[in-house]
Structure formats: C-alpha cells, structure tokens
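Participant: Letter by letter, the chains look like this.
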Amino acid sequence: MTIRKQFQIFCSAFGALVIISAILGLIFTTGYGTFIMGMAMAILLLITVGYGMLAKMLLRPLADFESIARGIARGNLDARIPYKGSDELGSLAVSINSMVDTLNQNHRDDQKYIREVEQVIGDIGQVIKELKMGRLDSRTTADTSYENLRELQASLNEVVTTLVEPIRQTSALLEEYAHGNLDNSLEVLPGELGHLSRATSDIRENLKNLIKDSKVLATAALEGDFSTKGDINRYQGEYREVIDSLNRLFENMLQPLHEAETIIEQLSRGNFNAYSEGSYQGEHARLHDTLNATIRDFNRLLGEIFNLTRQISGGVNQIAENNESLAHGATRQAASVQQISRAIEDLTSKTQHNAENAGQVNDLVRETKSYTESGNTRMNEMLNAMGEISTSSEKISKIINSIEEIAFQTNLLALNAAVEAARAGVHGKGFAVVAEEVRNLAQRSARAANETTDLIGDTVSKVQNGTRIANETAGALEQINGQIGKVSDLVQEITHSSKEQTENIVEIQGSIREIDQVTQENTARAEESAASSQDITSYVHRLQQMMTRFKLDSRFMIQHKVTPLRQQPELSLSTGGDAHELTVSSKEAENGDENHALEESSINIELDDPDFGEF
Amino acid sequence: MEAVEEAVVLEPGVNAANEGQFLTFMIGEQQYGVEIKYVTEIIGIQNITSLPDLPHFMKGIINLRGKVIPVVDVRLRFGMEERDYDERTCIIVVSINDTNVGLVVDTVAEVMNIPEESIEPPPKVNSKANGNRFIYGLGKVQDNVQILLDTQKLLFDEELEQLSAIT
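Line order of the protein sequences matches chains A and B. For the first sequence, the numbering used here gives the first residue as 527, with consecutive numbering after it. For the second sequence, the numbering used here gives the first residue as 7, with consecutive numbering after it.
Only part of the chain A face toward chain B is listed, based on derived beta-carbon distances under 10 angstroms:
| id | residue |
| --- | --- |
| 1 | Glu930 |
| 2 | Phe934 |
| 3 | Gln935 |
| 4 | Leu938 |
| 5 | Leu939 |
| 6 | Ala944 |
| 7 | Glu946 |
| 8 | Ala948 |
| 9 | Ala958 |
| 10 | Glu962 |
| 11 | Arg965 |
It is worth saying that the hints were derived from the structure and are not from the lab. Even glycine gets a Cβ: it sits at the ideal position worked out from N, Cα and C.
The following block holds chain B by itself, in its conformation from the complex (with noise of 0.2 angstroms):
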C-alpha cells in the first residue's frame, strides 16, 4: 500500500525510468499494454466473488491479502467474447487514483520499453463510438503494433465511483 502511495506520490513524476515503460498481456492474438507506473501487482486467477447488481463487466471481487479488490475482466470491457478462465488468465493489480482494481487478462506477457517517438495516438475513425477512448496510443515495436491503453479512462468516473463504493 506503501508502494502504490509511493508510486502515486512519485507518479508527477520526475522519474524518467519510468517512462515508456509497458506491462503488455494478451487479450486473444493481440498484445495489449498498461503503463508500468500503474501498476501494483500481478497475480495468477483468484476465486472471484461475484456481488450483485454491478455492469456486467465487473465479475467480483477478490480477496488479495486481506485487501477487497474489484474485478474488471478486460474482455468484457471491451466488449469482447467472454472466455473461459485457465491457468494461464492473470489478474493485473493496478491503481488508480488511489483505488486498486484487478484486470483480468488472458495472460500476461512481459515489461518492455516503448520510446515515446514510437508511440502514435489512435486512429481517428468512428468518432461517435467509445471504442478508442480506452487507447492511449499505439505502440510499435519491431513488426508488432501494441495497443497501450489509457488506465484512467479504462473505468468510467462512475465506474470508479462504484469502484470506489465498493472498496
């Protein structure tokens, strides 16, 4: 919890190592990516409590050392196909805005830097849909475009208010 404070503390940050540097995971074929500094914990699949009357998004919450966190499963959010849970699904822990939340991903892949200049913002198509209020950017690395996504606006304000109410 420390961390997370320290890591929100040192967030308006002055720390240039942070910068550029992404946690990607999978979602089907496609390499998706969160900025590092978000990012509290990596867990493999929890048993998930689910509560009732939450967007469907929401599975639950879990119980992370004693820690209630809520669960957002990615797929759902981006309207995607739900997908069985494996051995292999994680639940990435991020914080925002001093809320911790965990992001149920097929899996995770790696830490990698992504310099700025290879950083292009989304495309500007299908303005009226929300589908790209999610990316941040699109990060190209050697033959491989990844899709790094916008922590703080990967929940609503009244998600997080919910989020919020949850925990």
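Extracted from the complex, chain A is given alone in its bound form (with noise of 0.2 angstroms):
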C-alpha cells in the first residue's frame, strides 16, 4: 500500500472520528466547555495516533534518504539506500540508487575530462606566466585526447603569436627609437593593434618634431640667439611641456645673463657698486650668488688694496723721508768716522807718547827711588850730626855755666870792691868806678852767658824738633820709596797697557777703515734708496689715480686694521688728484649686518676721470 492511500485512510478515519466525536459530545455533554474539551482530546488522541503511524511509515525511511543523500552530495558514491520496499520510498530508494550509479559513471568521466582540462589549463597558466614574465615564445603543448582542448591550445596559441609578433616588432622598433633611429616605423596593424602602430608612429613624430625643434633651439642657442622659440601648438601634454620648459628655459636662463651683462658692463666701468638682486634658484642662484660673491671679493679685495695704497702712500712717504735723513745722516756718519779716524791717528801717536813717557817715568822712578834710598842714609848721617850738636850744646851749656859762676863771681866781687870803695869813701872814688865797670862786665858776661844759654836751649830744642822731622822724614821717604816700587810697578804696568792700546787701537783704526767704507756704501745706497722710494711715491701716486676709477661698495671701504708700516698721524688721500673726490655713500647702509661700522666713511670715486680708458 502507497503511503498516498495511508494517508488518505487516516484522513477519512481522522475525519469520522472528529465527527462522531462531535456527536457524542453534543448528545453526552449538558455544556459547551465539556464539549470542547472532549473534542479537544479527542483531536490530540488523532493527532498523537496520526503522528506514530506517519513516523513510522514515513519519516525514519526518509532520515535514512536523507543521511544516504548527504553522503552522496558530500561525494560519497559508493552509497546505496538500502530500502527494500514496494511503496513509493521503495521506488524513489531504486530510482535514487540507478541515479547514484550513473553519478559514478559520470562523474568518472568527468574527472577525466577535468584532470585533461586541469591539465590544459595549468599549461595554458604556465605559458601565461611565461608570457608574463617576457618569454613570449612560450606555447601550450600539453597532449589531449578532447578535440576542443586541442582546439582552444591551438587558438590560444595563434592568439599568441598574434598579439606577440607587433609586441616583438614594436619593442624592436622602440629599440631603434631608443638608440636614437627613428627611420624605421611599424606597418599598420589591424584592429586594436592599430593603436600600436598608429601611436609608435606618433611617438615617432613627435620624437623628430621635439629632436627637431631641440636642434634648432640648441643651434641658436649655441650662436647666442635664446630669443628663439618652440612652438607648443604642435605638441600635446608632456611633449608640450618640455617644449614650453625649453622655452621658459631660455626665458630664465635670458633673464640672469641679463642681469649679469649689465652688472659685468658696471664692473667693467669700475663701478663695484652693483649687485646682482633677482631672486634665482639652482644653477642661476649659484651663478648669482657667485657673481655677488666674486663683486663682494673684488670689493674686499680693491677696499683693502685702496686702504693699502693710502697705506703704503704714507708708508713711502716716511720712508722716502727716512731715506732722505738716512742718506743725511750717513754722510754725517761719513764725517764723524773721517774725525774719528783722524782722532784715533792722534791717539795712537798720543798713546805712543804715553808708552814712551811712561818707560821714562819707570826710569826716572828707579832713580827717584836710589834718590830717595840715599836721601834716607843722608837723612840718618844728619840726625846723627843733629845728635852731636845736641851733645855739644850740652857741652856749651856746661861752659856756659862756667863763665855764668864766674861772672856771679864777678859780680860778688865787684860789689865787695863797690862795698869797699863805698865804705873807702872818697878815696875809693875811682876804685868804686873801676869795680862799677868790672860788675857792668860781670853782669854783661852773666847776661851773654844767659843769652848764650837761651841759644843754647833754643838750639837744643830745635835741634830736638830738628831730629824728630828728620825722623819723620825718614819715615816718609821711606813710605816714599814703598810708594815709588808701587809707582814702578804701576808705571810697567801702563807701559804694558800702553803696548796693548796701540795695538787695539790698531785694531780700531782697521775696523774704523771698515766702517768708513761700509759707511760711504751706506751713504751710496741711501742715495739710492731715496731715489727708488722717489719712483715707489710716483707709482704709488699712479696708484692710488687708478684706484680712484672703482666706485666700491661703502661697506668695504672702511679703514681696515691692516698693520700699518708706522703709526702715521696722516694719511695721505689725496696725494695728487684734484680730479678725484671722495663722497660718503649710505646707500648700503641699511642691508646687511654688516654696517654697523661703515657709517664711518666710504669713498665713492668719480667714473669721469678722462683716463678711464686705461682700464
């Protein structure tokens, strides 16, 4: 039995017993709630009942279909349903099985075909990857026994060949092109490749127009014209980028030759004043740069020389006053080395003189010194003689005093002979006057023996003040005679000393020749460093007009801390020129950093000067 006629006995049974359920219930039951209720149950006992004979005639056999047919999508073809039933699931299990088997048989085919078609294709990727890489003759090869395999390998590779021979003949070409052929162009492709063709061909054209115009812009811009110009309407995009770059190029590259001509034009009227102010980049901000640099160092380097000309103006002139004084005072030199010369001739025989005279003061204090031994031995003989004046004044004195006793004597016997004559009375008259003369005698014998014994003493005194300035004459002269042997051997030794001096002053009076005639030399050279300075003045003169026919940058004419030759209180500027003249210029005053000391001075010099030519 079909499971269609199954279920269509369930549905009538379910149907009669719904209905005679409901019966039952409308008899049986006093209410609609029991009712329903009984009919409710009875729905779920049919729908429970329903449900078992449905699961088991239908839905296990339809899992077991289901399991088999998800094994057989997943590839499993070996799988068969086992159900063995002559219902509908058992036709559909054959049919599904006699499905499965032609499956396999199938699908065995069709793995043939897709390994040779896997096959093809990795060969077909191979020569694509091949192609890719460049080798472009790669071809498919790969054996097949399908004939639209063979016949996509062999249109495949005709299309190949195809789009590879233009590849080749282009790239050939392209090559030629590269290495700068342009005669030869591809010949004209069909279809699409006729793009190729037609656009190597306009690249060629626009290649010989651009090699064209090129030359002709190179030409004239080798002849020095750069007013020539492309023409950009002939060119499109890049090609008429480049031309127009060309020709901005010698646009710009006008613009600072310009500017550079007519700086160079100022420098070469000696105006160093000029600067190159565009604003340039690359090669041209160098070359401006350069060109402002190479201004800035001739400024430096003419602001230096300029300051070193008043410089060495000055300097030439203190020199050329120095030469003048030098050459004035060498020949002075000339003169005192004449008087010198002659004041050593006077010296030598003067120093001569002096040797000789001494050699006689040697001779003479060798006598003075006999002299002075026989005035000792003369000096002593006369404290002896002294000695016996003093012995015989001792003597003298003795008598002395004799003839003084008798004088007393006398004396007492006149005044005995004066008493008796006295006491006589007139009669001893005359005897009294007789004793009066003899005691006059007497007195006059004791007054000449007292004056006599005065000599005597004063004799004796002087010749004891006598004996002691003998004695100390003796004792001077012989610190005499000690004095003279020093006097001599001083006097040899200034002999000798006067021996040396002659021949030093020999030596001088060489050496004197010496610097007389290194003096005249001297004197010779002053002259002629005095003229050579005179030249040095009249060139630096020449110099200093030509430096006043550069106008320099203010900024370096500042008076540089160049070592001056002399601490010269005045420079001198303006040493001939009355056609120069110097201005302050602070026209440059306010760019740079470099100002903030030239507001000193700066110099502006005249161009107008008629020699300018010169230069």
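The two chains are supplied separately, each in an independent frame; assemble them into the complex guided by the hints.
Facilitator: This is how it looks when you write it as structure tokens:
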C-alpha cells in the first residue's frame, strides 16, 4: 500500500472520528465546555495516533534517505539506499540508487575530462606565467584527447602569436628609437593593434619634432640666440611641457644673463657697487651668488688695495723721509768717521808718546828710588849730626854755666869792691868806678851767658825738633820708597797697557776703515734708496689715481686694521688728484649686518676721469 | 876785722860819702836795701852748720876764713816762705855792734845811691804787728821802691845777745 493511500485512509478515519466525537459530545454533554474539552481530547488523540503512523511509515525511511543523500552530496558515490519496499519510498530508493550509479559513471568521465582540462589549463597558466615574465616564445603543448581542448590550445597559441609578433616588432622599433634611429615605423596592424602602430608612429613623429625643435633651439642657443622659441601648438601633454619648459628655460636663462651682463658692464666701468639682485634658483642662484660673492670679493680686495695704497703712500712718504734723513745721517756719519779716524791717529801717536813717557817715568822712578834711598842715608847722617849738635850744646851749656858762675863771682867781687869803695869814702871813688865797670862787665858776661844759654836751649830744642822732623822725614822717605815701588809697578803696567792700547788702536783703525767703507756704501745705498722711494711714491700715486676709478661698495671702504707700517698721523689720501673726490655713500647702509661700522666713511670715486679708458 | 872796726869807728860819721849808699838784694821779686856802712863782705852761699836750739830763722853758722859767723835767713826772719838755696843765693856779712852776722838773701843786686829826700818813712799801719820794725824807710828809685832795712833792728837784742853768745 502506498503512502498516499494510507494517508487517505488516515484522513478519512480522522474525519469520521472527529464527526463521531462531535456528535457524541453534543449528545452526552450538557455544556459547551465539556464538549470542547472532549473535542480537544479527541483531536489530540488522533494527532498522536496519526503522528505515530506517520513516523513509522514515512519519517524513518526519509531520515535514511536524507543521510544517504547527504553522503552522496558529500561525494560518497559508493553509498546505496538499503530500503526495500514496494511503496513510493522503495521505488524512490531504486531510482536514487540507479541515479547514484549514473552519477558514478558520469563522475568518472568528468574526472578524466577535468584532469585533462586542468592539465591544459595548467599548461595555459604556465604559458601565461612565462608570457607575463616576458618569455614570448612560450606556447601550450600539452597532449589531450579532447578535440575542443586541442582547438582551444591551437587558438590560444595563434592568439599569442598574433599578439606577440607586434609586440616584438614594436619593441625592436622602440629599441631602435631608444638608440636614436627614428627611420623605421611599424606597419599598420589590424584592429586594436592598429592603435599600437599609430601610437608608435605618433611617438616617432613627436620625437622627430622634439628633436628637430631641440636642434633648432640648441643651434640658436649655440649661436647665442636665446630668443628663438619652440612652437608649443604642435605638441600636446608632456611634449608640450617639454617645449614650453625649454622656452621658459631660455627665458629664465636670459634674465640672469641680462642682469649679469648689466652688472659686468658696470664692473667693466669700474662700478663695483652693482650687485645681482634678482631671485634665482639652482645654477642661476649659484651664478647669482658667485657673481655677488665675486663682486664682494673684488670690493673687499679693492677696498683693501685702496686702504693699503693709502697706507703704502704714507709709508712710502715716511720711507722717503727716512731715506733722506738716512742719507743725510750717512753723510754725517762718514764725516764723523773721518773725524774719528783722525782722532784715532792722534790717539795712536799720543798712546805711543804715553808709552814712551811711561818708560821714561819708569826710569825716573827708578832713579828717584835710588835718590830716596840716598836721601834716607843722608837723613840718618843728619840725625847723627843733630845728635852731635845736641851733645855739643850740652857741653856749651856746661861752659856757659861756668861762665855764669865766673860772672856771678866777678859780680860778687865787684860788689865787694863797691862796698869796699863805699866804705873807703872819697878815697874809694876811683876804685868804686872800676868796681862798677867790673861789675857791669860781669853782668854783661852774665847776660851774654844767659843769652847764650837761651840760644843754646833754643838750639837744643830746635835740634830736637829737627831730629823729630828728620825722623818723620826718614819715615816719609821710607814710605816714599815703598810708594815708589808701587809707582814703578804701576808705571810698568801702564807701559804694558800702552803697548796693548797701541795694538788695540791699530785694530780700531782697521775697524774704522771698514766702518768708513761701509758708511760710504751706506751713503750710496741711502741715496739709491731715496731715489727708489721717490719712484715708488710716483708709482703709488699712479696706483692711487688708478684706484680712484673704482666705485666701491661703501662697506668695504672702512679703514681696515691693516698693520700700519708706522703710526702715521696723517694718511695722505689726496696725494695728487684734484680729479677724484671722496663722498660718503650710505646706499648700502641698511642692508646687512656688517653695516654697524659702515657709517664712518665710504669713498665714492668719480668715474668721469678722462683716463678711464685705459682701464 | 880792722876794716870793720874802722868802719865802726868811722861810723859816727863824718864820712858823708857813705851816707845814702845802700847795698840792694832780692827776696823774691822785691828789692831790699841795707846801708852800706854795715856791710862787711858779700860771699856766695857756704856750707851752713846747723846748731841746736836756735830760733828758726837762725840757720846755723859758717866758717868765713877762720871766723865763725852766725847766719840768718832773711826770708824766715821776715816770716816768708823758705826757699832752697841755689848758686845765686848770697850771704851778706853785716857787722852790727861789732858782731858779724850773715844774712842769707836770694841774690845780691847792686850798690846804689839813694838821696835822703827820696826816702820816705814806712807807712803807719798795723802798729801792733812787728812787720814794720825792720823798715828804715822806702827808697824811691825811678819807678821802683826799695825797702830800706834798719839793720840794727833786723835782729832783736836778745837775738843779738844770742849771736854774741854764739861768737
């Protein structure tokens, strides 16, 4: 029995049951609630029974079918549905099993085809890969039993050949273009490939035009003509930009050249206060910078030359004065050397005279020594004589004492006689006179004796004094003797020294002669040097005049601290010319940080000098 | 001796020639004078023999040609400072009342005449002292003053007696 019939039976049974249940319910129940309950119970019972039948007949075989089918779908073509029934499911199982068998057969055929297709596709992929890598000779060669695949391979190879050939031609042509050979062009290709041939032809045309225009422009530039322009209307895109760039390049090249020309013209006229002021880039900027740097260097150099020239001028003047005074001094020196020479000659004779005199003095000193010694001897003899005089004086004193005694006695006798005479009175008068005379004589004798005693005493004291003096004299003579010895030594030294002096003076004479010669040479040199410094002065003057023709940047006219030759209070700037004037230019005073010291002075030299043409 | 006696004899004298004649001698710097009539002799200094128990001005005795004569040092007699004797020291032998006495003086000067009118009496001062008792007068000779001695008074009586006793 088929499932459809079973289901029809079940549905019929179900309907009948529901009707019966409903009738029963309406009969046996008093209320709707119970009726509905009974209906619901009957329906529930029928559904449960129906499901049990459905599960037994349909759901289990379907589950088996489903699992088998899932296995087939997974590729398990060996699975077979084991269901052996006579119902629809059984025929379904047979159909499915036969379908699986068919599928198995088809699958094996498909597998073979797919393998060959894969082989062909892999070969094609290999070819494509090699083509991508630029191996254009690569073609498909795989064997296949399928006609369509062989045709596909053949078509593909033909297509590749059709496409590769123009590429090869184009590349060869482009290689020729790359090597500058633009003579050949590609033959006209069919279809889309015709774009390739047209494009190469356009490239060739554009290149030819570009080259031609570039040649024209380069030739013009070589001939100095930067005004020639390329026709940009003939080009499009980048080519147009190339020619446009070339045109702008020449324009841009022209601008700095014009400015440089202007500046160089200024420079050629001596105006070094001209700078390139445009704003440039790259080589032009370098040209601009180099030009400005060169001008600055020239300014610096010329400024230093100018300053140095001023200083040289001052120095040369100083040198000229110095040379004159040197020449004057050398002349005076020569005169002085002559005087010295004469003085040395005098000195020589005097020294020789001194030496002779010293020799004579030596002899005299020797004589004096002997005299002194004999004087000493004489002095001793005199001392002895003095002693004898002393002795004699003592003897004389004794004699005089005797005389005094005699005089005293005589005086006494005379007095006695006078006394006697006085006593004799008148008679004794004559006798008294005699006594008086005797007494006078005695007193005169006494006085004479006294005087003699005094004289003798005086003599003795004088002799003693003389002895003392003679002793001192003797000592002095001894000292003189000793000193004369020293004097003799000294005089000998003087003699010796005089001889050495004579020799030295001879050397000095030689030196003086050399000095004389050198002085004369110096004089000549100083005069030559004076003449040369005059020449230099005129050169420097000319140099200054030349320098006046340059107009320099004021910044470089500062008095640099060049080490001065000499501290010269005045640096003559206006040595000659009334043709040049010095003016302060503050034009450059506001650009640059070097300007803080620039206001001091700057010198603008007029360019209207008639001799400008020489430079 | 006879001469002395004669001189003494002659002394009351009519012998005008003797008047005003003085023998002058020196004591120190001062010149003194004695009347020449008393002078016997002048001798140099002699060896004086001292005698005991005599006044201090009595130096002793000398032997003059056999006669012993006492010697008075005039300096000591005048109370002056004693002085050593030298070769100029003299002894003036005077005769007073027949007695010979030697007067030791520094030295003898001379014999000179001094007129009566040139002699002034000694000054009357210090009457109590004996200083002026030997002075007979002051003789003015030229600018000098000679102290003229009174030979009689030069020796006191007792002294003279002693002198006499000695002789």
